[in-house]
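The lines below spell out each chain.
Number of protein chains: 2
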Amino acid sequence: MDFSAKLDEALNRLHEEGRYRTFIDIEREKGNFPHAVWNRPDGTQQPVTVWCGNDYLGMGQHPAVLEAMHEALDATGAGSGGTRNISGTTVYHKRLEAELADLHGKEAALLFTSAYIANDATLSTLPKLFPGLIIYSDALNHASMIEGVRRNGGDKRIFRHNDVDHLRELLAADDPAAPKVIAFESIYSMDGDFGPIKAICDLADEFGALTYIDEVHAVGMYGPRGAGVCERDGLMHRLDIINGTLAKAYGVMGGYIAASAKMCDAIRSYAPGFIFTTSLPPAIAAGAAASVRHLKTDQERRDLHQQQAKILKLRLKGLGLPIIDHGSHIVPVIVGDPVHTKALSDMMLDEFGIYVQPINFPTVPRGTERLRFTPSPVHGPREMDTLVNAMDQLWSHCALNRAELAG
Amino acid sequence: MDFSAKLDEALNRLHEEGRYRTFIDIEREKGNFPHAVWNRPDGTQQPVTVWCGNDYLGMGQHPAVLEAMHEALDATGAGSGGTRNISGTTVYHKRLEAELADLHGKEAALLFTSAYIANDATLSTLPKLFPGLIIYSDALNHASMIEGVRRNGGDKRIFRHNDVDHLRELLAADDPAAPKVIAFESIYSMDGDFGPIKAICDLADEFGALTYIDEVHAVGMYGPRGAGVCERDGLMHRLDIINGTLAKAYGVMGGYIAASAKMCDAIRSYAPGFIFTTSLPPAIAAGAAASVRHLKTDQERRDLHQQQAKILKLRLKGLGLPIIDHGSHIVPVIVGDPVHTKALSDMMLDEFGIYVQPINFPTVPRGTERLRFTPSPVHGPREMDTLVNAMDQLWSHCALNRAELAG
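Chains A and B supply the protein sequences, listed in that same order.
Mapping of the first sequence onto my numbering: position 270 corresponds to residue 270, and the numbering continues sequentially without gaps.
Mapping of the second sequence onto my numbering: position 57 corresponds to residue 57, and the numbering continues sequentially without gaps.
Calculated directly from the structure, the hints in this document are not laboratory data.
As the structure is a prediction and not an experimental result, all values here were calculated from the model.
One thing to keep in mind: the hints can contain errors.
Copies of one chain are not kept apart here, so a pair can be met inside one copy or by any two copies together.
To be verified - Below, in silico cross-link-like pairs of lysine to aspartate or glutamate (EDC-like), each with a Cα-Cα straight-line distance of 20 Å or less:
#, residue 1, residue 2
1, LYS94, ASP42
2, LYS296, GLU27
3, LYS317, GLU27
4, LYS30, GLU67
5, LYS342, ASP265
6, LYS30, GLU71
Next up, chain A with everything else stripped away, as it sits in the complex:
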């Protein structure tokens, strides 16, 4: 068995399809977001503006967050020293879980090392708690939900993206007595479109199903206290399990679920991905708690975020670029070819100091390869001008079509 040749084959497949990924090595500068330094492969450096980060609100450089982290480091040291069950539960973890339970109006919350593992661990554990569980999963759910659904060993049904009629058909076709859960997202990050939350909750009520929502691209940014789209729409109480991240709008790291006390107790007791892993460092938990607390009242930052997204979409539309606009903060510009997308991204970086990563298959369907911009409150008018001008020039240079896609 020639293992090396097999690795070559696997890597060559990616090269041939133009979707081999190269890490761009950057260093953000605290207090100066979205500016950063790009360390080129040849060892030289170039200043860049980051336009594809997920620190959507710039909280990763907020003084309240950094102060909390410094303080926890000084008080209690670096790591937690254990799993949650074996010496790794601290007052920092408890405080953060209380902050999150309060945020979502739930009895409890449960921290994980990432929202990826929160999705994967929770969804794969539910069938242990509810034997015979059938899981109904949106076709465009995030990879972490797919992994959790795949290996939960239970029955699964995939409904067409946001297609409530299809979901109803599937629910109606199954045994009414079987336990059911519907898993979906509030904002799908690649197109920036919203899930039909109310309609899905209505169906869940009708068929007696649990509801599981991923609010990873919404927490911190939507709702009067930043609890997400469910809060904005007055639907939070209708969701049984809410999944969120502390690594995007909250600017730190980690993921969680918020749910009933009993549900959290059962998940923490049965999920290997929770039980057998070292808990988050106290400084991380402290920083995340400070960020969640701060964003409960900083509506101004949320408004500015939405305004920046609106302005960028308006200006790119003005140039006739094919952007997708579902009214969220995510700004995808469709290029439609992996090689062109990569070339555009390279030129943006090299010639304009604009860092935006190409998004290719399998993250998005083939033929919809794109650049995805993430404007934030820390992107000023000067940064936006540079971006819009660069896109205008390169679009012409590459002779790409200027045609509005459906919004």
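Assemble chain B onto chain A, guided by the hints.
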């Protein structure tokens, strides 16, 4: 469907078996490890000594580690702002990966948010790279390896713990042309026994199999530069993939694999658990790198660690307590009943301020429930006296047998 009743059932099963886990909320004090404060459920506080942490060498309070973390926070902010592919690769991640590749004498290393996800993601991705792969997995492998093996979709064979003859039988029974990988650990954390590394590498050579080793409970602590048991035994070059953690002896957080450049490149390109998750915060990567770097030369700390473990085992043996001793740093005392184990642990905490978690099924087999002590260089003679005296008193109080188990 009464979901709430089902949750009660699941939780009651744990209560009935005496293995419902309660979080002990502690706060370690930097500079004063292993001392900590226990926040009792009633809101009062009690000083305790932590005897079950995995910060084996006390690196979580080392000035070099904390200084690196403070510096990175000040320079670059809190979170990384993205996945490794989308704006989340920084010079801190690259430096840490270089430090780890150097540590293990491999071409490359790949960071994950935990060693749990490093095991799970890598083992579940290997069959994508080597179609038809058969995985041979030690029966006592860690939960994270079991999860990875289970969902990789490939064939699997479980060999009896450390039983090289059984492994040979299984290897010999399969198609010689099938790609194979043997997955095992260098130190099994519940008994503290060592895997037969050389014998397994010999078998791998004979049958043309890849070797995958988990050195989570060894890195930092064994080998002249802290690379683990494989380094100590001069076998590091014979392992294809080495898995390690930054959360135990290195005192911070995160996990990794070290392997050939091609192997790391393929895993990072194909593993959803790597691709679709926010990278470690730069400050975490900086702290971990400082810790790895420091322990490459701090042999004194490793010697002291081993000495402390030897002394504790000697003293507990002197009392006739049934400890397991395989010559590693882990000190399990077998109680053999979940309710007794929990009661002992509670009395240690309440009456003596000694925090040691009960270890129950499914973490260990039923009938071998235990207390597991983790002595470290920061546990002084006074702490050890208190522990030994407490164990002596409680063992008599509970009328438990004093009989030496096999070492």
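How the hints compare with the structure:
Proximity of LYS94 to ASP42 under the C-alpha cut-off of 20 Å is restricted to the inter-copy arrangement: shortest distance 14 Å between copies versus 46 Å within a copy. Proximity of LYS296 to GLU27 under the C-alpha cut-off of 20 Å is found in neither arrangement, the shortest distances being 29 Å within a copy and 26 Å between copies. For a Cα distance limit of 20 Å, the shortest separation of LYS317 from GLU27 qualifies neither inside one copy, at 31 Å, nor across copies, at 53 Å. In the homo-oligomer, the alpha carbons of LYS30 and GLU67 lie at most 20 Å apart both inside one protomer (13 Å) and across protomers (17 Å), since each shortest distance falls under that limit.
With identical chains, the CA atoms of LYS342 and ASP265 are at most 20 Å apart between copies only, with a shortest distance of 19 Å across copies and 45 Å within one. Taking the shortest Cα distances, LYS30 and GLU71 sit within 20 Å of each other both inside one copy (17 Å) and across copies (11 Å).
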